[in-house]
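Engineer: If you want the building blocks of each chain, they are given just below.
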Amino acid sequence: MVTETVTMMDPAGLKAIGAALAVGLTGLASGIAEKDIGTAAIGAMAENEALFGKGLILTVIPETIVIFGLVVALLSL
Amino acid sequence: MLKPKQMTRAVIVGHKNILEETVDALHKANLFHIEDFNEDGSDLKIGKPFESGSETSKKLVKIRSIASLLGVKDVAVEKQSPAAVCSQLDNCLDTLDEELEVLAEKKRVLEAELKEISSSRKELLPFTTIDLDLDLYRGYESLAVFAGHVKGDPTPSISQVTSSYKLYYDQHSGIAVIFVIKDKAAEVSEVLAKALFKELKVPALSGVPSELIAGLELKEADITRHMEAIDAEIETLKLKYADFILASNELLSIEIEKSQAPLRIATTESSFLIDGWLPTDQYSEMEQTVSAATNGRAFVSSQEITKPDIKKVPIEYDNPKVVTPLQEIMNLYGRPTYKEIDPSSLIFITFPLFYGMILGDIGYALILLGFALAIKKLVSSDAVKPLMNILIYCQISTLFFGILYGEFLGYSLASYHGEHGTTPGLIQGFDTIELLASPFAAGEIIGFPLHRTHLVMTFIVATVLVGLIHINIGYLVGFINENRKHGISAAIFEKGSWIVVEFGILLAVLGYLGMLPVIVGAIVFLIGVVMLVKGEGVKGPVELPSLLSNSLSYTRIIAVGLSSIYIASTVNLIAFGMIWQPGSPIGVMTIFAIVVFIFGHTLNTALSIIAPGLHALRLQYVEFFGKFYEGGGRKYDPFGYIRKYTEEK
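As you go down the protein sequences, you meet chains F and R in turn. Straight run, no breaks: the first sequence in my numbering ends on number 77. Straight run, no breaks: the second sequence in my numbering ends on number 649.
These are computed hints drawn from the structure, not numbers from a lab. Wrong hints could be hidden among the right ones.
With a straight-line Cα cutoff of 30 Å, these simulated BS3-like cross-link-like pairs (lysine-lysine) come out [as the list claims (entries may be wrong)]:
id: 1; chain 1: F; residue 1: K35; chain 2: R; residue 2: K539
id: 2; chain 1: R; residue 1: K151; chain 2: R; residue 2: K201
id: 3; chain 1: R; residue 1: K58; chain 2: R; residue 2: K73
id: 4; chain 1: R; residue 1: K28; chain 2: R; residue 2: K385
id: 5; chain 1: F; residue 1: K35; chain 2: F; residue 2: K54
id: 6; chain 1: F; residue 1: K54; chain 2: R; residue 2: K385
id: 7; chain 1: R; residue 1: K534; chain 2: F; residue 2: K54
id: 8; chain 1: R; residue 1: K62; chain 2: R; residue 2: K107
id: 9; chain 1: R; residue 1: K3; chain 2: F; residue 2: K54
id: 10; chain 1: F; residue 1: K54; chain 2: R; residue 2: K201
id: 11; chain 1: R; residue 1: K5; chain 2: R; residue 2: K311
id: 12; chain 1: R; residue 1: K28; chain 2: R; residue 2: K312
id: 13; chain 1: F; residue 1: K54; chain 2: R; residue 2: K539
id: 14; chain 1: F; residue 1: K54; chain 2: R; residue 2: K5
id: 15; chain 1: R; residue 1: K485; chain 2: R; residue 2: K321
id: 16; chain 1: R; residue 1: K311; chain 2: F; residue 2: K54
id: 17; chain 1: R; residue 1: K635; chain 2: F; residue 2: K54
id: 18; chain 1: R; residue 1: K79; chain 2: R; residue 2: K377
id: 19; chain 1: F; residue 1: K54; chain 2: R; residue 2: K321
id: 20; chain 1: R; residue 1: K201; chain 2: R; residue 2: K166
id: 21; chain 1: R; residue 1: K194; chain 2: R; residue 2: K166
id: 22; chain 1: F; residue 1: K54; chain 2: R; residue 2: K376
id: 23; chain 1: R; residue 1: K28; chain 2: R; residue 2: K58
id: 24; chain 1: R; residue 1: K201; chain 2: R; residue 2: K115
id: 25; chain 1: R; residue 1: K321; chain 2: R; residue 2: K238
id: 26; chain 1: F; residue 1: K54; chain 2: R; residue 2: K339
id: 27; chain 1: R; residue 1: K238; chain 2: R; residue 2: K73
id: 28; chain 1: R; residue 1: K307; chain 2: F; residue 2: K54
id: 29; chain 1: F; residue 1: K54; chain 2: R; residue 2: K485
With the rest of the complex left out, here is chain F (with noise of 0.2 Å):
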């Protein structure tokens, strides 16, 4: 004899997962945009040291991305 179990979602369960998938993915996207950025603003830096400020800012750009997400995970719990 097969038995049909009903599985229920869980809303809350699906709120966390949700929030989960918004800062994680987010995460991977900023650490991609910031690997090719870092890369070239330190060989900038080694070439010349005053650009340290203007790396810098350019590196953390894409912070923005997990930022957001964070944001977003923060008003769907």
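Let chain F serve as the given structure and place chain R on it in line with the hints.
Structural biologist: Structure of chain R alone, referenced to chain F:
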């Protein structure tokens, strides 16, 4: 305060025979930023360095090589009189040079000996396992000697070839020494080759290897002792002459700088012309100094600053002393240009403000405040001090927000009444005082202290509002800058248009809420966009979405803050919730819990410098400076020297 120091362009002209006096006076005054002269397309010639230069540079090279040999470090010493140093200079330099040369030579010889000993030791070491007198290895007429590494005992295989041999074999190290009659040498060699024989060179010494090595060890210890004695002698020399070396190095560096000054100056056959910049308020001071040094024979005049010159004006900050540490943050980005507002004073407020809003924890504020004060006291480096001062400013702000948020190392100080009952605070009997319902989010109640973890929505909206204020201050400063540089109409179209656009959006939002027709907002918005296109071209409307992303970017203030709280409270939970509960008996677990607590919070303290610091910095650099700041000004670098080891003449 909001502007760089006012500068004057000055030209000094005179006859060549007073050039040296003039350069001397300028160097001493340490005021005049010399504009390097460029010969291209000019009838004037670059000056020739003073004659004393080559002699001085020889001495300087000598003193610097001595300093590096002795390992003299820059330390604060008592200032010496230049006259005394000068009179000693030649004598001292020669004796020092000689003494050091002798010592260095002795050391070199000893080092060579040491090397030799270590290599003969390496050669002898394999022979100690057999320990035959080394003379026994050579001088035979009818015997051949094999000495080396083999794989496995070669006795059986050699016995098959001949019976007249003598073999010493050490199983442990695999060293074998075989004496065999010469006739059978070739065959034995073949057999050995099969056993992977690797020949060792017999050292050209006589005696038993183990005794020889003992002798070498004695010799080595002796040499090491000698070298230590020489090092001690060098150390005494260093102690004795360090002050002198530092002082004379400084003195000679100054001389070199002066003697090479003509290379930056325009000259004709009999006159010179020095072009440069200095702060306007010090112009008369320099005029007096120069005329006093040359009996009024050099002519100083101020020049009008022409438009192309404005880009070249060297920039000296003009800020109150409390603001000066923030200049480091400006330097990191680039000094302001001459006509621009210097935002150091603005970030003096906003940088610590954002840092404090992000971190906002009494515990971390106190730890980092103590840390910064200690570093400031212990390290005398000029590079570290401003950074520590910035950290102190930030911690004062953090302390303020920490009290406002009621947080201590991730614990909430006050108890909180929420939907799920009451969470107790760290301080017994300290209840949250509820003031009003949050206008931004249903169910969130603003009170004292502000529980950030329970007011997320309110804080997100509030931080965006703070961001909008910050961004608009940026547009305002941009407006002033633009007005100064390109006039009022450019300012209105380029920067004012943004404010009109924002106003339009605000009206539209009010319209959406039903307070007035939406069309009003739309019209104002469109007017703003048209102004923007006129001011900035196509690039203006393309930038429009940045208004949204920039202001949303300020939500990082709460986002990064929350992450810090959660790390801290997780550490607390692991230490005093999972490992050991307060109230349960004290034991090994208590110690373990305390270790976890300290380790976790140390980690979070380090993160508390980096994360809020970088994010607060980024909000200044990207969101704020992006609205108005150009930067890229030249540093004001006056011709002169700040003496550390010698007194001013």
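Engineer: Against the structure shown, which of the earlier numbered hints fail to hold, in ascending order?
Structural biologist: 10 and 25
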